[in-house]
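These are the residues of each chain, in order.
Number of protein chains: 4
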Amino acid sequence: MSTDERDIAELLADAPSNWGRWGDDDEVGALNYLTEEEVLRGVRAVEHGKTFTLGLPIGRPGGDPVWPGRSGADHYMELDKGHFEAGKVDVPGAAGLEYADDVVYMFLQGTTQFDALGHVWYDDRLYNGFDAGTTKGGMEYCSIEPMAEHGVVGRGVLLDVARHRGRDRLDRGERITLDELLDCADEQGVEIEKRDVPIIRTGWIELFYEEGADAFYGDEFAEPGITYSRDLVEWFHGMEIPAFGTDTVANEQTVSDETETILPLHGALLRDQGVAFNEINRLDELAADCDDDGKYDFLYVGAPLKIVGGTGSPVNPIAIK
Amino acid sequence: MSTDERDIAELLADAPSNWGRWGDDDEVGALNYLTEEEVLRGVRAVEHGKTFTLGLPIGRPGGDPVWPGRSGADHYMELDKGHFEAGKVDVPGAAGLEYADDVVYMFLQGTTQFDALGHVWYDDRLYNGFDAGTTKGGMEYCSIEPMAEHGVVGRGVLLDVARHRGRDRLDRGERITLDELLDCADEQGVEIEKRDVPIIRTGWIELFYEEGADAFYGDEFAEPGITYSRDLVEWFHGMEIPAFGTDTVANEQTVSDETETILPLHGALLRDQGVAFNEINRLDELAADCDDDGKYDFLYVGAPLKIVGGTGSPVNPIAIK
Amino acid sequence: MSTDERDIAELLADAPSNWGRWGDDDEVGALNYLTEEEVLRGVRAVEHGKTFTLGLPIGRPGGDPVWPGRSGADHYMELDKGHFEAGKVDVPGAAGLEYADDVVYMFLQGTTQFDALGHVWYDDRLYNGFDAGTTKGGMEYCSIEPMAEHGVVGRGVLLDVARHRGRDRLDRGERITLDELLDCADEQGVEIEKRDVPIIRTGWIELFYEEGADAFYGDEFAEPGITYSRDLVEWFHGMEIPAFGTDTVANEQTVSDETETILPLHGALLRDQGVAFNEINRLDELAADCDDDGKYDFLYVGAPLKIVGGTGSPVNPIAIK
Amino acid sequence: MSTDERDIAELLADAPSNWGRWGDDDEVGALNYLTEEEVLRGVRAVEHGKTFTLGLPIGRPGGDPVWPGRSGADHYMELDKGHFEAGKVDVPGAAGLEYADDVVYMFLQGTTQFDALGHVWYDDRLYNGFDAGTTKGGMEYCSIEPMAEHGVVGRGVLLDVARHRGRDRLDRGERITLDELLDCADEQGVEIEKRDVPIIRTGWIELFYEEGADAFYGDEFAEPGITYSRDLVEWFHGMEIPAFGTDTVANEQTVSDETETILPLHGALLRDQGVAFNEINRLDELAADCDDDGKYDFLYVGAPLKIVGGTGSPVNPIAIK
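Protein chains in written order, with numbering that gives the first Met the number 0: chain U, 0 to 320; chain D, 0 to 320; chain P, 0 to 320; chain Z, 0 to 320.
Please note that the accuracy of each hint is not assured.
Identical copies carry no separate label here, and so any pair may be met within one copy or between two of them.
To be verified - Calculated cross-link-like contacts (lysine-lysine; reagent style DSBU-like; alpha-carbon spacing at most 35 Å): (1) 87 / 193; (2) 294 / 87; (3) 193 / 294; (4) 294 / 49; (5) 193 / 49.
Note that these hints are calculated values from the structure, not bench results.
Source: prediction; values computed, not measured.
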């Protein structure tokens, strides 16, 4: 620990919090902002009917980009045409029908995903005060299940920071400030409204696909992104942001310029405010289209899976313009 | 094989087909019907902003309902508070942040899911004529990946057959005819339009949750549902149905009353017409709401995961009324 | 809990223990008895050079017999001839060589196995006093690894209780007493010596293979076997038994006739004395041979795998007569 | 393919073969040499009762050495003290007993292992002529199961080539010739007898543990070892070698000096002669002891697991001196 490193609990001692705001048993946090009215506001953002799916391919032969220590998905055929050829299958009554079947073994956060609100904590307390001991053997509280039950539907707004900077992608470890986010929206001619779902494009994830794993991970994993600052977390709080997404693995600068610690926003936004993190999206097609027609808002639909006790879930978010 | 059993290839010899309709390399089939115009038609079905997520819980302690031979998801904590207590974790720079992480091992069709178009075939040909040998070691063609890339967004219509019959749920093995589907829509006061996504409710899946696995599987697995008839598959074809869903494991009567074989609609609709199957949904909340307000149509959003070579994918469909 | 059920800690309050006997950091317990001299004694038991492998088949299509709640092994081909036929493999420099490769997903105790000494505990203490909290996230102490490092090599003695009773197999839940074990040895004409490895045959496991899972598990899982009695655990202690095996899943009567609780010997022998449990062997061929030539002793070689932090390990013990 | 690369089928066209030697349905090959007499010969090699277990640790935090493309074992706790603390376990009748349980997900050849005879083939034929198509969906013939049923018990002889060269370990890609093996035995004062199990020590595997994965894998994976030459494969044939082991991942020079192709001995010995390959052993303790007492032979006991359809099996071989 560097001598300048600030303890996360101390750092966030008087930072904005949503604990208790929706009752002591609330497990979906800022998704509570996504009322029927906000869903309708999202729906009204649709003009053309164009759809964009933001999920990564899962289980590519060349590997998938993941947080160091995790691994990409392994996919196995439990049944395919080979089994039939080898005489290993008998399906009575199939009358000539044959089929393929398969299994996957994967980290729940090993691809495009939502974090459960309880995924990260400090001071032995998860979002809304649940005891961290309840994570033992599976998330008893603040798992992905209630978030998946709720769904994440609202108005999304793309903030294409890479294009705003005139670059293909941000560099390793670069920081994005709140001011830059707001400037970016301005330049794009889109207004970020209360309860919107910001989708921040850095271009970073494409490095993995274009230049490979070594270029992506480097000697030390260091993604670009927003990071903790008092004004930024207050802006999230005041704007009542229910969820946000990026095209990076962890949605924030890996080691914060400001705190010199890793991932402080997971403390300030996920654990304190209950903001939903939608990580590792592919945004290039959506961004090109927004650049083309000048329309940066859309209906955002995120539907993680209802994994009992899960710390997160794979998801394939859809943007409908 | 009973003597009355009809070979699937013979049965479907002159049944409607969409092979070649969208080119020789098409891998998404009837999802091609879901053009921007159809997306907008779906969006226009939204009135109140109410959302319903249709996915099953995954990895319940009591088990998940699956096709016999598959098993429910296994979920393991790779990291939880226990690891921290036992001194088994050191995250440099975390400054007090702790986290939980987990893996899942599951059948891709072991919960609410979309079938890939290549999941089932006969006569050694997948949808659109691809060689069944290309499934060996993973679906090279007609996997779930292009379908997930496309997304399934359109106007959904609930057909609550159970309520139409005045029953909690259909019985083991009962058949639903095309006429009954149309009567049900009539009685509900909703018109099924071309290119809609019908969601057929039988009430069947709740048997698993209410009475347990033994009651659900019985001595022989026999779900209720629609089945092959010439008029039904022609109706799907003429109506240009892109996808349909049910609250059963396989979306059709297990052993067909008509053909005495298993799952002939997987041949007639999935393999021949390229219709997307969205299986094993929970529909009771949505159905109760539709019964309440008399509105049976909605924006349907299905976003399977982009699993490379996958025969299907878990999904948590969302209905927005 | 029945009113007669006796708490395990109370039951074993003054039962024999080996804690501290081989130092405070000992993690292999009674395997310490297996000195070079005992290995030589085992070697001297070899006469004919006949070998018998005692492991179960793993991942049979019909399933494997396991403790309720566990499941049998799942086996998947990561590569086979089908992948080559489908053009999915390229091995530069192979010059015509092809190969198959595969993975397994299994419970470490889902087949013939050795329990780690830390697998079962009471009063928050593992064998030799290690804190049960050290099991969190993997066995830090008393895992299978040091036992596998040591190996289990000594003189084995078959005690064929089923044959002694003139039966194919013992019935559900039947008890075997210490006296019966000793009578059985007598009748067989073999002397159980200090530091021998007794292998007790009940015939029970064959029920699974002969009559299927339903017959084996029954309405309530209830294996036959030895159970806790004061004289029995003192006999194990006095005889310095390093390890013992059976052809049942748990090596003892499931619900003890004596204590009305489950598996008390796991407390008295594994946790208190550090005796190694070798469970779920197939003994019929060995037993038939012993019956045939009247020779019931052999060199016993058990070599569990060195699984880091494992609560146990699959094993294929070998008896050499 | 380099222009000098020789096709494996052409190379081995008239090489020694054991096909048909033990009948058309034989699936254990050269293990047939291990008769009772050979077992006794192995037993007679025991003098002191010292035992050495040769298996690698499985699932180390720092990773396990494997063939590129495979991965080390993943180990998860299905139950540990954390689950009890979190109130997630209830075992009726346990009376205070608690336990830990776990699963493993691993390549069957992802640690110390035996190859099944059908693991590698050419010309579409496995050992003894079985069709390579029978590997589809699981090894129908020449799987590890019959080899595990048989067991591998005989006289082992350590050939410490590293020490013979006065080195800690051989370098990347170095070749060992037959002459060197014989010189090494000579220098050690041990005679290699017919039907012995040679265990060849290169010191290579320790590179992984001492210097880490990067040093071990290098830019191109290139292990040292013996390789194909006509005299070597004839020596194996004439000596009736049932099995051999090494401390490398693949038991032979990765890219053959002689053929410029990869792993030709897997063709010449495993596929043609049915010789059992015991790969990735740790030999340093055994070798130090042999160097110490000058005794290089021992009873070798290898007991792979009876994995149905498996291409290989983890194993923890034991040498008893």
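task = Could you tell me which of the numbered hints above are not met by this structure, giving the numbers in increasing order?
result = 1 and 2
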